[in-house]
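Enquirer: Take the given structure of chain A and dock chain B to it, following the hints.
Chains A and B, in that order, give the protein sequences.
So that you can map any letter, position 55 of the first sequence is 55 in the working numbering, and since no number is skipped, the others follow by simple counting.
Numbers in the working numbering are just positions in the second sequence, counted from 1, shifted up by 1000.
In case anyone wonders, no lab produced these hints; they're calculated from the structure.
Beta carbons are placed, not taken as given, at the ideal position from N, Cα and C, and that holds for glycine.
Mixed in with the good hints there might be a few duds.
Unchecked claim - Some but not every residue of chain B turned toward chain A, in silico, with C-beta under 10 Å:
#1 1062
#2 1066
#3 1069
#4 1070
#5 1073
#6 1279
#7 1320
#8 1322
As the list claims (entries may be wrong) - Residues of chain A clear of chain B, computed beta-carbon distances all greater than 10 Å:
#9 3
#10 63
#11 128
#12 131
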Amino acid sequence: MAAARNGDRFALDQLLRRHYDRIHAVTKRIAGGTRDADDACQEALIKIVRNLPKFDGRSSFGTWAYRIATNAALDELRKRKRRPALHMVDDRDDGGSGGPVSVDPVDELASMRVDAVADRLAIDEALDELDEDFRTVVVMRDIADLDYSEIAVVLDIPIGTVKSRIARGRKQLANKLRLEDLPDLVADVTSETSRDIGNRAADFERPTDLT
Amino acid sequence: MSDTTGTQGADPTSIELLASAYLDGEVTPEERAQVEASREALDEVERLRQVRAVLGATTEPPAISVREAHLAAALDVWDRMPETERAGEVTPSAGLDAAAAAAISTPAPSSLNSRRDRRSGRGTTKWLLGAAAGLAVIAGAGIVFQGLGTSDDSDSASDASEAEAPADEPASEDVGVAELAADEFSGEETQSAPATVSADDVESEDGRTEGGFAEEPAEEPADEAMEEEAPAEAAMEESMEEESMEEDVEAEAAPAEETSNDAEDPARPELDLETLENPRALADFGAFAFYADIDADAPVNADIEPPFNTCEIEFAGTFDFDTFAGPALYQAQEVIVAVDITQTPPSVIAFTEICEFIASAPLPSEEAFDQRLLDEQAG
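With the rest of the complex left out, here is chain A:
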């Protein structure tokens, strides 16, 4: 962090890489699984770079960066709302709503992939249906792994509000997801031995802030 601020380009590259996955995850989950999320991610990175010299270190770099990512994602959401006609097309690149995914039913791997995509789409849909206030805090907590006080700082709301919004958001998400309909997924993600590395929140590297 210090090296990056001192103009070390390599250090800056490493700093951004260390936080990239989480920044992307935050923007994707808040802005939705569309290209808007990629735009928000790009926007966030550029803002981070531009404002890095002014970063005063009062919060951790991660908190600061995810705050920017959250705001960038929320900005994209607002822009989308202002231009609904231009963004009604779901441009998920995985064929999410573009029709059935064609696979060979005897291909077990393909079948698993279809299941995984379906699961992801179900969660995307459930998240999309969540009120923006709830979705934001749930994403910040469960994906960005920010603690309550950090979320409160980012959103400028009291910790009590963070607490209640997270609880209500999770509750709504649980109701929408109907986890009892996704037993395989639940079993998979709650099993320490079967999960894919780098594919759950806990596997996101929690960068050690040097500030």
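Expert: Below, chain B without anything else, positioned relative to chain A:
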């Protein structure tokens, strides 16, 4: 486990709240004991834990190509930032300069007459798009506008800063675009006059002073003045190619300061800011920039992101700026004016360069604004 103490008979909402906080380790020892004593609460914890796990498990990492493109773009922005900005040495005055630069890339003439001219398409403006860095100097038929056009609006100010100061011209390190325009406009004048854009330098056809803001792209061929500017442009482009440009700028800073008549702050250009005396003037100032911005034939600047966008972050959740109209004097205070169409009603916001909110005014509708211009023209 049975409910022995904790949540038996408790409000389900409070159980959910407790369970969620318990999952996050955000409970007091008493609350922890309360949850652990209740089967219902523990079941809820487990349910929420599954939700959290599922949510995390289905966050798909981005494609490598996407990630690399994002990182490359961000690093490119870093590479193009002036050393002063990277070092966090951008002064408040430079903030206003940045505002000016951003405003320049948004058409924002400062008088209603010139606005009317522009919107009625009479085309009185002579203009010249600048070099790649975005510098433009316009002079012709008694009308002088300075402008800055760049394909990357967000870097307009920094690019301008980098582009300024050909080696043979006096300049200071954080000189603004306005200063550069003045420098390049006339060699002799630059020698004797403060390095600023004064009212004398920038005057519209109707005699009203322009605030040093850009006009719309010209549809007319450049005139003699443009030809005179050509060598200067070439020199500027050459200087841009030199990696040692910033050192050159620093080396030349002293002469500029010596020749400046601005005793208080020789390095700071005197922006000829438009005076906005009341909310209506503020609204008009923002409205023109905003509606000009979405004119089909106007430069597209919808996503202007000037270097002073820290205020966007500071204002996040309160304001979401769509268009930066530029700097101005609102009730004798230097402000940056921006338009926020997410407000109800859409509003023109004035704030200081340290992100202090000063005033707001409702953005007039385009029809109302047009009518106002027509009325003034008729009257």
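Enquirer: Indicate, hint by hint, whether the structure satisfies it.
Expert: Each hint tested on the structure:
1. A cut of 10 Å between beta carbons decides the hint on residue 1062 of chain B: the least distance to chain A is about 5 Å, and the hint holds.
2. For the restraint placing residue 1066 of chain B at the interface with chain A, the shortest Cβ-Cβ distance is roughly 6 Å, inside the 10 Å limit, so the hint holds.
3. Taking 10 Å as the C-beta cut-off, the interface hint given for residue 1069 of chain B holds, the closest approach to chain A being about 8 Å.
4. Interface hint status for residue 1070 of chain B: upheld, as the beta-carbon distance to the closest one in chain A is roughly 5 Å, under 10 Å.
5. For residue 1073 of chain B, the shortest C-beta to C-beta distance to chain A is roughly 6 Å, which falls under 10 Å, so the interface hint holds.
6. Hint status for residue 1279 of chain B relative to chain A: violated, with the closest Cβ pair at about 24 Å, above 10 Å.
7. The restraint placing residue 1320 of chain B at the interface with chain A holds, with a minimum CB-CB distance near 6 Å, inside the 10 Å limit.
8. The interface hint given for residue 1322 of chain B holds, since its Cβ lies 8 Å from the closest Cβ of chain A, which is under the 10 Å cut-off.
9. For residue 3 of chain A, the requirement that its beta carbon stay farther than 10 Å from each beta carbon of chain B is met, with the minimum near 13 Å.
10. Residue-level check passed: residue 63 of chain A sits 13 Å from the nearest beta carbon of chain B, beyond 10 Å.
11. With a closest Cβ-Cβ approach of about 13 Å to chain B, residue 128 of chain A is found to remain outside the 10 Å limit, as its non-interface label requires.
12. The beta carbon of residue 131 of chain A is kept farther than 10 Å from every beta carbon of chain B, the shortest such distance being approximately 16 Å.
This entry does not satisfy hint 6, going by the numbered hints stated previously; all others are met.
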